[in-house]
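S.K.: Please construct the entire structure, taking both the sequences and the accompanying hints into account.
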Amino acid sequence: MRSKADHTAAVHRERRAAVVVNTKSRRGRRHYAEVLRLLKERDFRLTGVHPVTDPSRLRDILTRALDSGPDLLVVGGGDGTLSSSVKHVAGRDVALGVLPLGTTNNFARSLGLPLDLAGAIGVFTEGKVADIDLGVCGDRPFANLASFGVSVEVAGTVKPWLKRMLGRAAYPLTALTILPRHRPFRAYITVDGKRHELLTHQLNIANGRFHGGWQIARDVSIDNRKLVAYQLGSGKRLRLLGETLVRATTGRWTSLAGGPFVTGQEMLLETDPPMAADIDGEVRLRTPLVLRTIPNGVRVMVPQSFEDT
Numbered sequence: 001m002r003s004k005a006d007h008t009a010a011v012h013r014e015r016r017a018a019v020v021v022n023t024k025s026r027r028g029r030r031h032y033a034e035v036l037r038l039l040k041e042r043d044f045r046l047t048g049v050h051p052v053t054d055p056s057r058l059r060d061i062l063t064r065a066l067d068s069g070p071d072l073l074v075v076g077g078g079d080g081t082l083s084s085s086v087k088h089v090a091g092r093d094v095a096l097g098v099l100p101l102g103t104t105n106n107f108a109r110s111l112g113l114p115l116d117l118a119g120a121i122g123v124f125t126e127g128k129v130a131d132i133d134l135g136v137c138g139d140r141p142f143a144n145l146a147s148f149g150v151s152v153e154v155a156g157t158v159k160p161w162l163k164r165m166l167g168r169a170a171y172p173l174t175a176l177t178i179l180p181r182h183r184p185f186r187a188y189i190t191v192d193g194k195r196h197e198l199l200t201h202q203l204n205i206a207n208g209r210f211h212g213g214w215q216i217a218r219d220v221s222i223d224n225r226k227l228v229a230y231q232l233g234s235g236k237r238l239r240l241l242g243e244t245l246v247r248a249t250t251g252r253w254t255s256l257a258g259g260p261f262v263t264g265q266e267m268l269l270e271t272d273p274p275m276a277a278d279i280d281g282e283v284r285l286r287t288p289l290v291l292r293t294i295p296n297g298v299r300v301m302v303p304q305s306f307e308d309t
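Residues in the sequence shown are numbered from 1 upward in steps of one, following UniProt numbering.
No wet-lab data here; the hints were simulated from the structure.
With a cut-off of at most 20 Å between alpha-carbon atoms, the simulated EDC-like pairs for lysine to aspartate or glutamate come out as follows:
(1) K87 x D54
(2) K24 x D116
(3) K24 x D54
(4) K4 x E14
(5) K4 x D308
(6) K24 x E282
(7) K4 x E126
(8) K194 x D272
(9) K87 x D60
(10) K24 x D60
M.R.: Here it is as structure tokens:
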């Protein structure tokens, strides 16, 4: 693989990019033509242009886009689309260029990207190639977050029209309808031989810095070789509701040292009862699960100000 400096120079000089846009995402269809216009205005040579109208074909489309040999794979969509793209780019001599066209855009926020199209595309010409950590839950790579509890039901219940209308506020509003009948569960997290036990309605294990569009803590990083596990509330429904509202409005936790966090490069998660996992928006696996990070597993384009370790 090229050095990151050589890779950055190639993207800036050659501007060879393949484009994949999920036109089923919240803003993908509306901004698809604008994406192509802005890239061409910046003299990118497009090796392939791939609108995704059927998300079930996303993997095949990403493979075809990469077969054209771009230096940069530009992907527009939400966190689920970008998580799938991360899996394809991982370990390859190609950088992922992120266009935040989803509802919460947690991955883009974790990279410090502008959330407007012109700003995000500007990073491709003015930013740099960095390598960030790749999360793995069981056998499934992920970019941002694995979650357990209320959020899994929310992911399967939230209405697309509500997301289009309200954006990220659609998720807590949907949670309010689910919480009265939701039962708490016990979670056991083993890290470096130490077992942590908690009772909760909601457990998150993050690779990135954001969840639901809100920052987890200021010193969480997507490039620090650590996963961060934390619960929202306890076994009491009102406490979960109150803490969720506080987090959404104030971003309460300023530091990992000031919140209920468990951190580590590898974690064994067991729950009673067994729980389904929402992995960047896809509900696929069930506990018990081993979660870990692959340090510097993925190359991405980021602003020059991003701290690359």
